[in-house]
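Peer 1: Each residue of the sequence shown is one higher than the last, beginning at 1339 in this note's numbering.
Any given hint could be a false lead.
[To be verified] Heads up, simulated SDA-like pairs for lysine to any residue below, C-alpha to C-alpha not over 20 Å straight-line:
id: 1; residue 1: 1433; residue 2: 1388
id: 2; residue 1: 1377; residue 2: 1435
id: 3; residue 1: 1410; residue 2: 1366
[To be verified] Derived DEER-like restraints, expressed as beta-carbon distance ranges:
id: 4; residue 1: 1367; residue 2: 1440; range: 19 to 29 Å
id: 5; residue 1: 1398; residue 2: 1440; range: 14 to 24 Å
id: 6; residue 1: 1440; residue 2: 1383; range: 20 to 30 Å
Don't read these hints as lab results, they were simulated from the structure. No residue lacks a Cβ here, since even glycine has one placed at the ideal position from N, Cα and C.
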Amino acid sequence: MSKKGRISGVVYSTDPNFKYQSNEQPQPETLPPAKQDLKIWLVKLGGNKVVTTVRGFIGTDGDLSDLGKQLKAACGAGGSVKDEEILIQGDHRDKVLAWLTGKGYGAKKAGG
1339 MSKKGRISGV VYSTDPNFKY QSNEQPQPET LPPAKQDLKI WLVKLGGNKV
1389 VTTVRGFIGT DGDLSDLGKQ LKAACGAGGS VKDEEILIQG DHRDKVLAWL
1439 TGKGYGAKKA GG
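Model the full structure from these sequences, guided by the hints.
Peer 2: Below you can see the structure in the form of structure tokens.
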């Protein structure tokens, strides 16, 4: 079972009226693209590797994953979606910024 679906603290109860409570937080509703305030970062990893990171998306995990897939396809690069961030292998800040603003998202470069 994934960590999100776990019920912490209770393993078994003999009380017939006991109700299990999940620790899962409700996900926020996805904001429309014009109300998103996305930041595009360049993160340098060890071994001369760089990753373009998109942060600040407000919405469901499914919508974030879909946006990540579209950005990876637009850049022609690999990547992943972790910890509410979209990671794209390589320096694709200009492509990502152009694609996001073209789709109506509020986005800008951040960092040094």
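Peer 1: Each hint: holds or not?
Peer 2: Going through the hints against the structure:
1. Restraint check: the Cα-Cα separation between residue 1433 and residue 1388 comes to about 15 Å, which is no more than 20 Å; the hinted pair holds.
2. Under the criterion of a C-alpha separation no larger than 20 Å, the hint pairing residue 1377 with residue 1435 is consistent with the structure, at around 9 Å.
3. With a C-alpha separation of about 24 Å, the suggested pair residue 1410 and residue 1366 falls outside the 20 Å cut-off, and the hint is violated.
4. For the pair residue 1367 and residue 1440, the supplied restraint of 19 to 29 Å holds, since their beta-carbon distance comes to about 24 Å.
5. A beta carbon spacing of about 23 Å between residue 1398 and residue 1440 agrees with the range 14 to 24 Å that was offered as a hint.
6. Between residue 1440 and residue 1383 the C-beta distance comes to about 28 Å, which sits within the given range of 20 to 30 Å.
Hint check: a violation occurs at hint 3 only; the rest are consistent with the structure.
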